[in-house]
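Build out the structure end to end from the sequences listed, making use of the hints.
Here the protein sequences come in this chain order: A and B. Just add 1 to wherever you are in the first sequence, counting from 1, and you've got our numbering. Just add 67 to wherever you are in the second sequence, counting from 1, and you've got our numbering.
Worth flagging that the hints you see were computed from the coordinates, not collected in a lab. You may find that some hints are simply not true.
Unchecked claim - Covered stretches of chain B (chain A as the covering partner; in silico rule of three or more C-beta atoms under 8 angstroms from a C-beta of chain A):
| id | region |
| --- | --- |
| 1 | 113-123 |
| 2 | 190-200 |
| 3 | 242-248 |
| 4 | 268-282 |
| 5 | 318-330 |
As the list claims (entries may be wrong) - Facing chain A, a subset of chain B residues (Cβ under 7 angstroms, in silico):
| id | residue |
| --- | --- |
| 6 | L90 |
| 7 | F98 |
| 8 | Q206 |
| 9 | S251 |
Unchecked claim - Here are the simulated distance ranges between beta carbons:
| id | chain 1 | residue 1 | chain 2 | residue 2 | range |
| --- | --- | --- | --- | --- | --- |
| 10 | B | D139 | A | G67 | 33 to 41 angstroms |
| 11 | A | V111 | B | D282 | 54 to 62 angstroms |
| 12 | B | Y78 | A | K167 | 51 to 59 angstroms |
| 13 | A | P153 | B | W125 | 30 to 38 angstroms |
| 14 | B | G221 | A | F142 | 29 to 37 angstroms |
| 15 | A | R102 | B | R107 | 40 to 48 angstroms |
| 16 | A | A6 | B | F191 | 36 to 44 angstroms |
| 17 | B | V219 | A | V111 | 49 to 57 angstroms |
| 18 | A | L15 | B | L137 | 28 to 36 angstroms |
| 19 | A | F27 | B | D345 | 53 to 61 angstroms |
| 20 | B | N181 | A | F27 | 53 to 61 angstroms |
| 21 | B | G221 | A | Q160 | 48 to 56 angstroms |
| 22 | A | K167 | B | F191 | 53 to 61 angstroms |
| 23 | A | F23 | B | Q148 | 35 to 43 angstroms |
Quick reminder that beta carbons are idealized off the backbone N, C-alpha and C, glycines included.
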Amino acid sequence: MGDNAALQLWAMRLLYLGLGLFIMFFSLLPMQTLPRGWAGPDLIVALTFAWILRRPEYVPPLLVAGVILLGDLMFHRPPGLWAALVLIAAEALRARHIGLRDLTFAVEWVSVATTLVIMTLAYRTILAVLLVDQAPLGLSFIQLVMTMICYPLVVLVSQSVFGVRKLAPGDIDALGGRT
Amino acid sequence: MAKDRNQGSDYTAPLKRLLLGLLVLCLIGLFLLWRIDSPRVERFRAQVIDRVVPSFDWAMAPVTGAVNILRDFQSYQRIYQQNQELRRELQQMKAWKEAALQLEQENARLLDLNNVQLDPRLTFVTGVVLADSGSPFRQSVLINVGGRDGIVDGWAAMDGLGLVGRISGVGDNTARVILLTDTSSRIPVTIQPSGQQALLIGDNTASPPIDFIEDADKVRPGDRVLTSGDGEVFPAGLLVGQVAEDPGGRVRVRLAADYERLEFLRVLRNYGHERVLDPGSLIQPSVPIVQGADPDPKPQLPAEAQTSEAIDG
Numbered sequence: 002m003g004d005n006a007a008l009q010l011w012a013m014r015l016l017y018l019g020l021g022l023f024i025m026f027f028s029l030l031p032m033q034t035l036p037r038g039w040a041g042p043d044l045i046v047a048l049t050f051a052w053i054l055r056r057p058e059y060v061p062p063l064l065v066a067g068v069i070l071l072g073d074l075m076f077h078r079p080p081g082l083w084a085a086l087v088l089i090a091a092e093a094l095r096a097r098h099i100g101l102r103d104l105t106f107a108v109e110w111v112s113v114a115t116t117l118v119i120m121t122l123a124y125r126t127i128l129a130v131l132l133v134d135q136a137p138l139g140l141s142f143i144q145l146v147m148t149m150i151c152y153p154l155v156v157l158v159s160q161s162v163f164g165v166r167k168l169a170p171g172d173i174d175a176l177g178g179r180t
Numbered sequence: 068m069a070k071d072r073n074q075g076s077d078y079t080a081p082l083k084r085l086l087l088g089l090l091v092l093c094l095i096g097l098f099l100l101w102r103i104d105s106p107r108v109e110r111f112r113a114q115v116i117d118r119v120v121p122s123f124d125w126a127m128a129p130v131t132g133a134v135n136i137l138r139d140f141q142s143y144q145r146i147y148q149q150n151q152e153l154r155r156e157l158q159q160m161k162a163w164k165e166a167a168l169q170l171e172q173e174n175a176r177l178l179d180l181n182n183v184q185l186d187p188r189l190t191f192v193t194g195v196v197l198a199d200s201g202s203p204f205r206q207s208v209l210i211n212v213g214g215r216d217g218i219v220d221g222w223a224a225m226d227g228l229g230l231v232g233r234i235s236g237v238g239d240n241t242a243r244v245i246l247l248t249d250t251s252s253r254i255p256v257t258i259q260p261s262g263q264q265a266l267l268i269g270d271n272t273a274s275p276p277i278d279f280i281e282d283a284d285k286v287r288p289g290d291r292v293l294t295s296g297d298g299e300v301f302p303a304g305l306l307v308g309q310v311a312e313d314p315g316g317r318v319r320v321r322l323a324a325d326y327e328r329l330e331f332l333r334v335l336r337n338y339g340h341e342r343v344l345d346p347g348s349l350i351q352p353s354v355p356i357v358q359g360a361d362p363d364p365k366p367q368l369p370a371e372a373q374t375s376e377a378i379d380g
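Now the structure itself:
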């Protein structure tokens with residue numbers, strides 16, 4: 002049984018990596034080379050947060066850092082900064098996931114939203130302090146709001162399609178024990 | 068059992084925290100390194116992209132194709148109308164072509180009369196667009212030609228008609244083109260016919276604004292915008308677009324290149340101009356001062372001949 006759980010754990014980690022690459026692949030498709038007035042949600046970050054609040058063992062820090070850093074490199078962002086911010090935020094959420102597990106979804110949503118706001122502010126502030134060329138503020142704001150709006154959808158899909166649910170009493174956790 | 072686990076996590080928690088701290092420090096260190104020495108990190112980025120994107124390629128082409136077919140499907144509905152429009156346009160174009168041919172002949176005659184030497188025509192490498200920047204904040208595309216094909220950072224990329232952007236980041240098999248619409252793009256331009264020098268500054272909109280115009284009154288909507296070649300950024304005289312004025316009265320450029328559909332890009336080979344550094348070499352060619360004693364100056368002559376050939380070809 003322990004073997005089975007470990008297998009599932011690694012399967013889910015691989016699935017996270019695969020989903021990250023899949024999202025990157027679709028955003029890299031050369032469909033739109035005209036500048037747009039709007040920005041899509043940052044699905045990778047939403048996915049990371051949704052999973053970390055449900056099954057933190059599926060998204061270890063090294064994996065998160067790797068996926069987001071690859072995103073930084075592919076999407077021509079300043080490499081490392083966004084990855085560091087996402088990693089810090091993810092660990093902050095990981096530390097709170099046991100407390101959030103028993104509360105309603107609304108509370109979870111609010112805490113994710115505040116985390117996103119703080120991350121975006123920190124990102125833009127650091128870039129401004131270091132005098133890096135930045136995208137218009139409006140676009141960042143739109144992306145922030147879109148990510149917040151999409152978060153429940155990402156949660157829904159993670160729960161129903163990929164089976165990433167919160168631990169309920171009696172479930173078997175990663176180490177094979179009952180909660 | 069539960070107790071066991073708690074003890075286990077108590078034991079590994081500090082270690083995990085330490086590793087996490089190290090990881091965050093590494094990431095921030097990478098960012099700071101990029102800020103300090105960006106060319107080296109950008110080269111690393113180009114190598115990563117060079118490894119990752121071509122492995123996506125087999126799936127990218129069909130998926131993009133399928134989506135484009137779906138998009139084009141709407142236009143099939145009014146295909147007859149479009150055909151009529153195209154025929155009318157073709158008639159007009161034939162008239163223009165006739166005029167252009169006559170002008171070209173006249174131009175050739177006049178140049179011949181004056182015995183004018185023209186700039187050698189620029190040669191180009193054509194690449195296919197593999198991927199876009201993937202984020203709404205950056206405007207760039209990846210093309211499937213790179214260091215292997217002799218692409219060099221800073222060369223100009225055009226579609227059939229107008230300037231598209233500038234090579235920035237060359238991998239072995241791929242290269243990134245920063246589009247003129249990107250917020251980090253600055254291109255020196257000349258506005259014809261008034262001959263004003265200005266800078267074209269990308270701002271993440273479809274028609275980037277022009278700034279630092281010498282005399283803004285002389286610029287009218289409809290004027291042609293060409294690269295000026297200042298600062299040896301690009302060869303001079305590449306078509307960029309037309310001047311347009313936005314409702315706020317700001318001078319912008321309607322780009323000549325078709326940004327809605329960037330499929331094939333031409334990268335112009337540009338090895339720079341021959342420079343005259345000291346006035347002496349204008350009057351007489353560089354001749355070795357000490358005859359015979361110094362072997363170095365003699366090979367200079369063939370080297371110079373080579374550079375001028377490279378520019379010709």
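Right, here's what the structure says about each hint:
Given a C-beta distance limit of less than 8 angstroms, the hint that chain A covers the region 113-123 of chain B holds, as 5 residues qualify and 3 suffice. A count of 5 residues in the region 190-200 of chain B with a Cβ less than 8 angstroms from any Cβ of chain A is obtained; the coverage claim is therefore met, three being the minimum. Coverage of the region 242-248 of chain B by chain A holds in this model, with 3 residues showing a Cβ closer than 8 angstroms to a Cβ of that chain against a need of three. Here the region 268-282 of chain B counts 4 residues with a CB under 8 angstroms from a CB of chain A, which clears the bar of 3, and the coverage holds.
Counting residues of the region 318-330 of chain B whose C-beta lies closer than 8 angstroms to any C-beta of chain A gives 4; at least three are required, and the coverage claim holds. Hint status for B:L90 relative to chain A: holds, with the closest Cβ pair at about 5 angstroms, below 7 angstroms. At a threshold of 7 angstroms, the smallest CB-CB gap from B:F98 to chain A is about 4 angstroms, leaving the interface hint in force. Look at B:Q206: its Cβ gets to within about 6 angstroms of chain A, closer than 7 angstroms, so that hint holds up.
For B:S251, the interface hint holds, since its Cβ comes within 7 angstroms of a Cβ in chain A; the closest pair sits about 5 angstroms apart. Under the hint 33 to 41 angstroms, the C-beta atoms of B:D139 and A:G67, about 38 angstroms apart, fit the expected range. At roughly 56 angstroms, the beta-carbon separation of A:V111 and B:D282 lies within the given 54 to 62 angstroms, and the hint holds. Separation of B:Y78 from A:K167 is about 26 angstroms and departs from the stated range, judged on CB atoms against 51 to 59 angstroms.
In this structure the hint that A:P153 and B:W125 lie 30 to 38 angstroms apart at CB holds, the actual value being about 34 angstroms. Roughly 34 angstroms separates the CB atoms of B:G221 and A:F142, a value that falls within the hinted 29 to 37 angstroms. Distance hint check for A:R102 and B:R107: the Cβ-Cβ separation is about 44 angstroms, which falls inside the suggested range of 40 to 48 angstroms. For A:A6 and B:F191, the hinted distance range of 36 to 44 angstroms is not satisfied, since their beta carbons lie about 58 angstroms from each other.
For B:V219 paired with A:V111, a C-beta distance near 51 angstroms keeps the hint of 49 to 57 angstroms intact. Taken as a hint, the range 28 to 36 angstroms holds for the pair A:L15 and B:L137, whose Cβ atoms sit roughly 31 angstroms apart. Between A:F27 and B:D345 the CB atoms are about 57 angstroms apart, so this pair conforms to the stated range of 53 to 61 angstroms. For the pair B:N181 and A:F27, the beta carbons lie near 57 angstroms from each other, so the given range of 53 to 61 angstroms is met.
Here the CB-CB span from B:G221 to A:Q160 is close to 50 angstroms, well matched to the stated 48 to 56 angstroms. Taken as a hint, the range 53 to 61 angstroms holds for the pair A:K167 and B:F191, whose Cβ atoms sit roughly 58 angstroms apart. Between A:F23 and B:Q148 the C-beta distance comes to about 40 angstroms, which sits within the given range of 35 to 43 angstroms.
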